[in-house]
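**Q** Sequence:
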Amino acid sequence: AVDSLMPSELDQLLDHAEHLLRSKDYAGAATATGAVLGNLSSLSRAAVVRGNALLFPLMDQIMDSSRDNPGRAAFQEARGMFELALRLDPENATARIEAMNMQSVIEMLLPADLQEIHHSTFDDNALGKTAQIAQDNDNLDVVIVGAGASGVGVGVMLMTHFGIDRNRMLIMERGARVGESFRQWPKEMRFISPSFNQAGWTGSFDLNSIASGTSPATFVLEEHPTGEQYANYLETVANDIQLPIQFCTDVTQICPLGVPGHPRFNVHVKPSQVSPASATLASVHCKFVIWAAGEFQYPKQSGGFQGMELCRHNSTVQSWAELPGDEFVVIGGYESGIDAAVHLARTKRPVTVLAQPML
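Going by this note's numbering, the sequence shown opens with residue 483, and the numbers climb by one from there.
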């Protein structure tokens, strides 16, 4: 196959094509170079992978409140890779959506430095200008709040099964990437529900899949994915389907405007904590709002029990192995509680689990 040509074979083909050209065998030279150019789609995919390898550490830096945000210039090389991918293969939808997502984040994060990167030759139409969808289209059909498992899954379902046009829908995400809450899991935490690709014993697709025809098991080659692995799976699904996502956006209020039988809502937003104070966003109108923000990022701060302010919530732990302390008490005996106890016990430190009796 042309896509499987090795570099040495490509060099031989080019040498042969140049020889044919010098011999004035123009048809033969064109045929020989056609075989080489058939590799452009593979090279385009490679450029996307390299672009993401450069981009994702910058996104992680943005989400780390202990570090300064990177400057716009830091995104130049990643952007260049997405530009190259689209020049090599204009039909590479993944390159287009990755560039679109990156551009929306950049424009909201560092608006003062716009001229640093805006002179690029990249086709603005290819970007899709996701960050401006809310302003360009005042009357959307659906707004989905949250780009995690629920938000991406519902978005895919609306587009693929219900025919909602991507220009009539918008997903709002407070983080800088898809699946941000999963990326905040402790390093050791894994899914309890196993991922099996087309598990025969269930007669259904992967238990952790959020879209028909996709499988975290196939994507990460793990039966029990980590939060980071699962977030990367969600991000890939969102990119493949080209979901319209507006990042770095907090929803502050949803006001009903419609009348019975004719729903209509005004969704008020503001830049999230990962955006600079100078960033501005406009509210949007829509017919339906789907709340898919999850619970992991919103632990109860009061109303539980006396002394709960002395406890540390699971969502604030980056690694159980790196957590300081000689002895631990875990309150709660369900999934996250037992997961925490197991990983703490593996560090050879005493752990006690307090849980209500099973009824």
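The set of hints was computed from the structure by calculation and includes no laboratory data.
We put the CB at the ideal spot given by N, CA and C, even for glycine.
Careful, some of the hints might be misleading.
Think about it this way: if two alpha-carbon atoms lie no more than 30 Å apart in a straight line, the pair counts; the simulated DSS-like pairs of lysine-lysine are [to be verified]: (1) K752 x K769; (2) K752 x K506; (3) K669 x K769; (4) K752 x K782.
Derived CB-CB ranges, DEER-like [what the hints assert, rightly or not]: (5) G510 x P676: 51 to 61 Å; (6) R648 x G807: 17 to 27 Å; (7) D550 x T513: 51 to 61 Å; (8) H795 x A535: 43 to 53 Å; (9) R569 x G807: 23 to 33 Å; (10) S694 x R648: 11 to 21 Å; (11) H795 x D542: 53 to 63 Å; (12) S523 x G807: 45 to 55 Å; (13) G553 x G807: 30 to 40 Å; (14) F538 x G814: 50 to 60 Å; (15) D722 x G520: 50 to 60 Å.
**Q** Next step is simple, just say for each hint if it's right about the structure.
**A** Now for the hints, and whether the structure bears them out:
| no. | hint | result |
| --- | --- | --- |
| 1 | K752 x K769 | 20 Å, holds |
| 2 | K752 x K506 | 64 Å, violated |
| 3 | K669 x K769 | 39 Å, violated |
| 4 | K752 x K782 | 23 Å, holds |
| 5 | G510 x P676: 51 to 61 Å | 55 Å, holds |
| 6 | R648 x G807: 17 to 27 Å | 48 Å, violated |
| 7 | D550 x T513: 51 to 61 Å | 54 Å, holds |
| 8 | H795 x A535: 43 to 53 Å | 32 Å, violated |
| 9 | R569 x G807: 23 to 33 Å | 53 Å, violated |
| 10 | S694 x R648: 11 to 21 Å | 18 Å, holds |
| 11 | H795 x D542: 53 to 63 Å | 21 Å, violated |
| 12 | S523 x G807: 45 to 55 Å | 52 Å, holds |
| 13 | G553 x G807: 30 to 40 Å | 38 Å, holds |
| 14 | F538 x G814: 50 to 60 Å | 32 Å, violated |
| 15 | D722 x G520: 50 to 60 Å | 23 Å, violated |
Figure legend: structure checked against the earlier numbered hints; hints not met, in rising order: 2, 3, 6, 8, 9, 11, 14, 15.
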